[in-house]
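Q: Once you've looked at the hints, dock chains B and C with the ligands against the given chain A.
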Amino acid sequence: MSNSEPNSEPNAEPIIVLKDVDKFFGDFQALKKINLTVKKGERIVVCGPSGSGKSTMIRCINRLEQHNAGQITVAGHVLTDQIKDIDAVRREVGMVFQNFNLFPHLSVIDNLMLAPRLVRNTGKIEAREKAMSLLERVRIPEQADKYPSQLSGGQQQRVAIARALCMNPEIMLFDEPTSALDPEMISEVLEVMTDLAQDGMTMICVTHEMGFARSVADEVVFMDEGEIVERNNPENFFNNPQHQRTKLFLSQILAH
Amino acid sequence: MTPVLESLTLIIESVPQILMGFGLTLQLLFLSGILGLILAILLLLMRISGSAYLSAPAMVYIYVFRGTPILVQIFIIYHGLAQFEAIRESIFWAILREPFGCGVLALTLNTGAYVSEILRGGVLGVERGLLEAGAALGLSKRHRFIHITTPIAVRLAIPAYSNDVISLMKSTALVSTITLLDMMGYARIVYAETYAPYEVFTSLMVIYLLMTWIIQRAFGLFERRMSRHIRQ
Amino acid sequence: MDVLTGWWDDFFWGSVVVVQVFFVALILMVLFGLIGAAAKLSDNKVAQKIASGYTIVFRGTPEILVLLLFYFGSAIALTSIAQIFDPEIKYLDIPPFWAGSFAIALIVGSYATETFRGAFLGVDPGQVEAARALGLSNFKTFIYIQVPAMWRLALPPFGNHMLSLIKDTALISVIGLEETVFIAEQAMGTTGKPFTMFILVGAIYLSFSTIITLSVMRMEKYANKHLEVSR
Ligand SMILES: Nc1ncnc2c1ncn2[C@@H]1O[C@H](COP(=O)(O)OP(=O)(O)OP(=O)(O)O)[C@@H](O)[C@H]1O
Ligand SMILES: [Mg+2]
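Protein chains in written order, with the numbering used here: chain A, 1 to 256; chain B, 257 to 488; chain C, 489 to 719.
Bound conformation, chain A alone (with noise of 0.2 angstroms):
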């Protein structure tokens, strides 16, 4: 809220909505009654202690995970089992993980090359011109054709956004993102992060990068126990949280 305007019109359409979702594993309850609704062009960050179900929520909206009660709504589609088309909804969503998941068996231009061509039947010139501008958005087109391994965590995390983006999607989910690169490589991750906030994507984000949630977020959401606890413009988070358990998380988490 400080630094950026939010992109969304104060009555744009909401483009995902979950509505009381429960997830269980087995007995465990990961998502309790859950409700949160995303505009268009929001951005979200999601931050929470572990094991509270930040990661269980954003990837119940992708179906990586299927929630057991409530409804969830992604870009118009209703996620139910009968879901015809779940790759349908899945183009529509790219996702980033904790630990980039490239294929390592592909070069760097192939990874972003695969998803167009099967799915999406573009043509192998058109694929490639695509991969490339998104590696150049990224800042490592001149990587285009190593392999996965013999790039930086933080390379590889840049190249796992570009393979997602090449998709066209319209929401983009970002799981923990930058925990598992070394320090000197975070920031060029939230720069590539940044930037797609400010082209008006539609972004939830799970992270614990506090600066990145000021700068770029329209809303912060705290997450307990697999609660939606709080959601407030970044401002009042910060500066004025209303309950408790999150005043205790931040205190621990600007602690170091």
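Don't take every hint at face value.
Unchecked claim - Here are the simulated DSSO-like cross-link-like pairs (lysine-lysine), alpha carbons at most 30 angstroms apart as the crow flies:
1) A:Lys146 x B:Lys397
2) B:Lys397 x A:Lys247
3) A:Lys247 x A:Lys33
Stated by the list, open to error - Simulated restraints on C-beta separations:
4) B:Gly357 x C:Glu666: 56 to 64 angstroms
5) B:Arg398 x A:Gln150: 28 to 36 angstroms
6) A:Gln198 x C:Leu609: 32 to 40 angstroms
To be verified - Pulled a few chain A residues facing chain B out of the computed Cβ check, cut under 8 angstroms:
7) Leu64
8) Gln66
9) Lys84
10) Met95
11) Phe97
12) Asn99
13) Asp145
14) Tyr147
These are calculated hints, taken from the structure and not from any lab test.
Here the structure is a predicted model, which means the values were calculated and not measured.
Yeah, the Cβ is synthetic: ideal placement off N, Cα and C, and Gly gets one too.
A: For chains B and C with the ligands alone, kept in the frame of chain A given last:
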């Protein structure tokens, strides 16, 4: 000096005779190796199909063929099948009447069971995160299997597969028990003529060890080439 | 099952032979494996070379070849030694039972060598250091810390070695051991029912394999008790 010379003469004389079976050993190895690999892939697809009607028979098959001696499998096929009139009158009899056909069939059925487990190990070794990344990109199940699981699983399975090819090569020697003249078969003939077990069998041992070494080298090179970019 | 009448007891005794060979070979196999592993882990270059020669040779040659070499080779050796004492003797051999058990134990022992060596190297050195720091003697550390940890690592491949042993027992019929395959070969001659006979042999071996597999699973469960998740 004389005994040594005698031994040397024996070796020099027996090796060419043993090598008369080399072609048959190679034929058995390649034919059942390739057919066994095809069978293994079918069994693997059955096991990971998610349908109990497909995976249960595959599991039983694998269990039975891995749980019984290959010699018994060879004898069931070579001696046993002739017991049935229906088989003797079927079109398969042309193959099953011949010891070579029986040998190839037994070795194929046996190696197929082992190799399918090796391939399954490779498939299970593919990191879940990579498949999730594929899913998140909107790749269908089939595309994920073909473009992510398969290439990575193949690389993971090569070392174990190479060991199984060596096992198969060793198993080919058992066809000498059903009258086939592979290298082992010829060696047994030469032994019966000379009563010189050390010379005859040790020479054959050296030949097999060379073959083992070549197989290991070949797969080692192949694996190194294929896995250049995969961190262990 | 009428064809089997009169043959049941032969197959029973054949199975007993299988079990006997299995246990004899098991003991020898563990022995060869431990010696091989000790040699490979020792500082002695010669011992290392011999041990790796052993594993290369026995993992790279067909089992039946080892068996024949061993059986006929030992017979020649034995005969010539005996002839020194009594020139009348024409032929002496080691009974197939012992020659066979020894040969398959040598073969599987070469695989066990690698298993034991890997298990020894796989024990977390931190555990050993911790035990030493607590004041346990070298010997006690070995018995109470290293051996149980090695056992956990070695158990799954060791189960496979036992399966190899039981299946290799069938090969010894080739040199005349009267185990079940041998019986079936005789029975098929007189009854004309080879399929029935060899299927029975397969079933016998499959039950032995099953018993071994189940026992190993139990042992693994026991060995890994402390790793079970508590709730
Ligand atoms: N596949 C699974 N099976 C069983 N339990 C799981 C599974 N995935 C997650 N959980 C449990 O669900 C809870 C929430 O996990 P989740 O990964 O969403 O937490 P998180 O907030 O992302 O934590 P972290 O910051 O450590 O990534 C945890 O207690 C975890 O143990
Ligand atoms: Mg997480």
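Q: With reference to the structure, classify each hint as holding or not holding.
A: Cross-check of the supplied hints:
1. A:Lys146 x B:Lys397: holds, 27 angstroms
2. B:Lys397 x A:Lys247: violated, 44 angstroms
3. A:Lys247 x A:Lys33: holds, 22 angstroms
4. B:Gly357 x C:Glu666: 56 to 64 angstroms: violated, 30 angstroms
5. B:Arg398 x A:Gln150: 28 to 36 angstroms: This hint holds: roughly 30 angstroms between Cβ atoms.
6. A:Gln198 x C:Leu609: 32 to 40 angstroms: violated, 54 angstroms
7. Leu64: Because about 5 angstroms separates leucine 64 of chain A from the closest Cβ in chain B, which is inside the 8 angstroms limit, the hint holds.
8. Gln66: With a minimum Cβ separation of about 12 angstroms from chain B (threshold 8 angstroms), the hint on glutamine 66 of chain A is violated.
9. Lys84: violated, 12 angstroms
10. Met95: holds, 4 angstroms
11. Phe97: Constraint on phenylalanine 97 of chain A satisfied, holds at 6 angstroms.
12. Asn99: holds, 6 angstroms
13. Asp145: violated, 11 angstroms
14. Tyr147: The hint holds - tyrosine 147 of chain A has a Cβ within 8 angstroms of chain B, the shortest such distance being about 4 angstroms.
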